[in-house]
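Given the structure of chain C, go ahead and fit chain V onto it with the hints provided.
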Amino acid sequence: MSIKVEEKLFENRYRVDEGRAHIFIKEPDVCRDKCETPSCTWTCPAGCYTLGEDHSVTLSTDGCLECGTCRLLCNEHFNVDWSYPRGGYGVLYKFG
Amino acid sequence: MAEKFDAIVIGAGPSGNTAAYLMAKAGMKVLQLERGEYPGSKNVQGAIMYADALEAVIPNCRKQAPFERAVLEQRMWLMDDRSHVGSHFRGTVDAEEQPTRYTVIRANMDRWLSGKVQDAGALLICETTVVELLKKGERVIGVRTDRANGDIYAGVVVIADGVNSLVATKSGLRSPVKAHDVALAVKEMHFLPKHTIEERFNISGNDGVVIEMFGKITKGMVGTGFLYTNKESISLGIGCMVDDFKAAKVSPYQLLEEMKNHPSVKPLIAGAEVKEYSAHLIPEGGYNAIPTIHGDGWVICGDSGGFVNSVHREGSNLAMTTGRLAAETIIALRDEGKDYTAAHLKRYRKTLEQSFVMKDLKKYRDVPEILHDNRQFLTTYPELLTRAAHTMLKVDGVDKLSKEKQIKRDFVAKRSRFGLFGDAIKLMRAMR
Numbered sequence: 001m002s003i004k005v006e007e008k009l010f011e012n013r014y015r016v017d018e019g020r021a022h023i024f025i026k027e028p029d030v031c032r033d034k035c036e037t038p039s040c041t042w043t044c045p046a047g048c049y050t051l052g053e054d055h056s057v058t059l060s061t062d063g064c065l066e067c068g069t070c071r072l073l074c075n076e077h078f079n080v081d082w083s084y085p086r087g088g089y090g091v092l093y094k095f096g
Numbered sequence: 001m002a003e004k005f006d007a008i009v010i011g012a013g014p015s016g017n018t019a020a021y022l023m024a025k026a027g028m029k030v031l032q033l034e035r036g037e038y039p040g041s042k043n044v045q046g047a048i049m050y051a052d053a054l055e056a057v058i059p060n061c062r063k064q065a066p067f068e069r070a071v072l073e074q075r076m077w078l079m080d081d082r083s084h085v086g087s088h089f090r091g092t093v094d095a096e097e098q099p100t101r102y103t104v105i106r107a108n109m110d111r112w113l114s115g116k117v118q119d120a121g122a123l124l125i126c127e128t129t130v131v132e133l134l135k136k137g138e139r140v141i142g143v144r145t146d147r148a149n150g151d152i153y154a155g156v157v158v159i160a161d162g163v164n165s166l167v168a169t170k171s172g173l174r175s176p177v178k179a180h181d182v183a184l185a186v187k188e189m190h191f192l193p194k195h196t197i198e199e200r201f202n203i204s205g206n207d208g209v210v211i212e213m214f215g216k217i218t219k220g221m222v223g224t225g226f227l228y229t230n231k232e233s234i235s236l237g238i239g240c241m242v243d244d245f246k247a248a249k250v251s252p253y254q255l256l257e258e259m260k261n262h263p264s265v266k267p268l269i270a271g272a273e274v275k276e277y278s279a280h281l282i283p284e285g286g287y288n289a290i291p292t293i294h295g296d297g298w299v300i301c302g303d304s305g306g307f308v309n310s311v312h313r314e315g316s317n318l319a320m321t322t323g324r325l326a327a328e329t330i331i332a333l334r335d336e337g338k339d340y341t342a343a344h345l346k347r348y349r350k351t352l353e354q355s356f357v358m359k360d361l362k363k364y365r366d367v368p369e370i371l372h373d374n375r376q377f378l379t380t381y382p383e384l385l386t387r388a389a390h391t392m393l394k395v396d397g398v399d400k401l402s403k404e405k406q407i408k409r410d411f412v413a414k415r416s417r418f419g420l421f422g423d424a425i426k427l428m429r430a431m432r
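Those sequence lines, one after another, are chains C and V.
Take my numbering: the final residue in the first sequence is number 96, and no numbers are missing along the way.
Take my numbering: the final residue in the second sequence is number 432, and no numbers are missing along the way.
Honestly, I wouldn't trust all of these hints.
Claimed, not checked - Listed below are the simulated BS3-like cross-link pairs for lysine-lysine, each with C-alpha atoms no more than 25 angstroms apart in a straight line:
1) C:K94 to V:K260
2) V:K266 to C:K4
3) V:K249 to C:K34
4) V:K231 to C:K94
5) C:K4 to V:K275
6) C:K26 to V:K170
7) V:K338 to V:K136
8) C:K4 to V:K249
Think of the hints as simulated: they come from the structure by calculation, not from any bench.
Chain C with its partners taken away, still in its complex shape (with noise of 0.2 angstroms):
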């Protein structure tokens, strides 16, 4: 069974901060050499990160739900940089 994550995102409301990302990857080339396992890639429960055929992790943020995960996985590199979006910007929970 295949779950695509984005039609779950889909029900959800943001306020985008564009061209601000919240949280960023330090060093993408740690990602690509060092790190065996990218457990960001399946533990992020908005599939934020996506793995490339070379390795490479790719971050994209819109669809963060701000749980905070990443930055508690990454702790062997340390790669990930994590703040909460600016006041008033991500995701908008109707319910919570």
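Chain V in isolation, oriented as in the chain C frame:
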């Protein structure tokens, strides 16, 4: 914003709202900062609200709070791949008894409580993220926000910014939460007509049902699934330790989808319209993971301090109680003319130790480790128990004594006599 407040509260969840409400009501000049568009817009919970903890802050809360349904029936399911065995508790002991647990929709709950906070005179500013604490030496003297000229000063800062507690972590007041101590839960809101929910769950009026699920739905990871009935929706979610997701190479949304397709769950949500998908971390490290919760000019409350009783799935009551006890300590110090130093704020920790919050966390302090080290409780036993029920209930011409012997053989084959004995001891030790 060079103005100085008596107190600044970071966050407008249950603990922040409780603290802000009580301090404002006691006449303090309180500023509350919330990064969401409105209180609740960044918050996620199952969610169950506990009337006893709320009543201690808002008397007659049952008459005013936006509760969804009173929990009349609690089901616990141990799940195999296609079946479950379970226990139910339904009903009340006497007719006059008031329910103590209610399902809620967090966004409604937080907005309602925030209204009380503002009525009490606190100033709430939304859409403002606190980026760090301002310090003078070791003493916290205010906060830096992401607004222009965003430094604000106060006599004391109540840190209630939630499970990630970035503010306290960045300012060096606590070490970062660890993947080992935190669960990641995902949830969907399934909408159904009121009468459909009442028919499916055998309830009426404001009564509700809660189902907690353990076993193979979490694929050997430490975690649980849940289903809560609201008035016109069902909150359905599943959560496991972050470290376990990492090791198991399983996606949380995959897990949720498989749970939705479990034969015990699927008919309950059939035909529902999903209107939201959310994710949230839950601090489940228990007593051993509680950081220092007070210092010069600051206290930590709620999820920021790791106050969750993961065994009983309680969190919002611990949040409100820590918020209340922090506020009561601060108000008492003000009344006594004492400064908000670490030595004086220690009273918060002391009252917390005397309350159910720390007593319960202490009681279950070994549970996280025991579950972490003994996956058989999450996989082997649910399977053995569902198969035992299946064997005994299947009418196939085999006599009952032979069936009993078969079940015993299955248990011994899976766990050995010594293993079964050891598991019983471990469970007793964990729960005592």
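A quick look at each hint next to the structure:
no.	hint	in the structure
1	C:K94 to V:K260	holds, 22 angstroms
2	V:K266 to C:K4	holds, 19 angstroms
3	V:K249 to C:K34	holds, 18 angstroms
4	V:K231 to C:K94	holds, 16 angstroms
5	C:K4 to V:K275	holds, 16 angstroms
6	C:K26 to V:K170	holds, 17 angstroms
7	V:K338 to V:K136	holds, 19 angstroms
8	C:K4 to V:K249	holds, 17 angstroms
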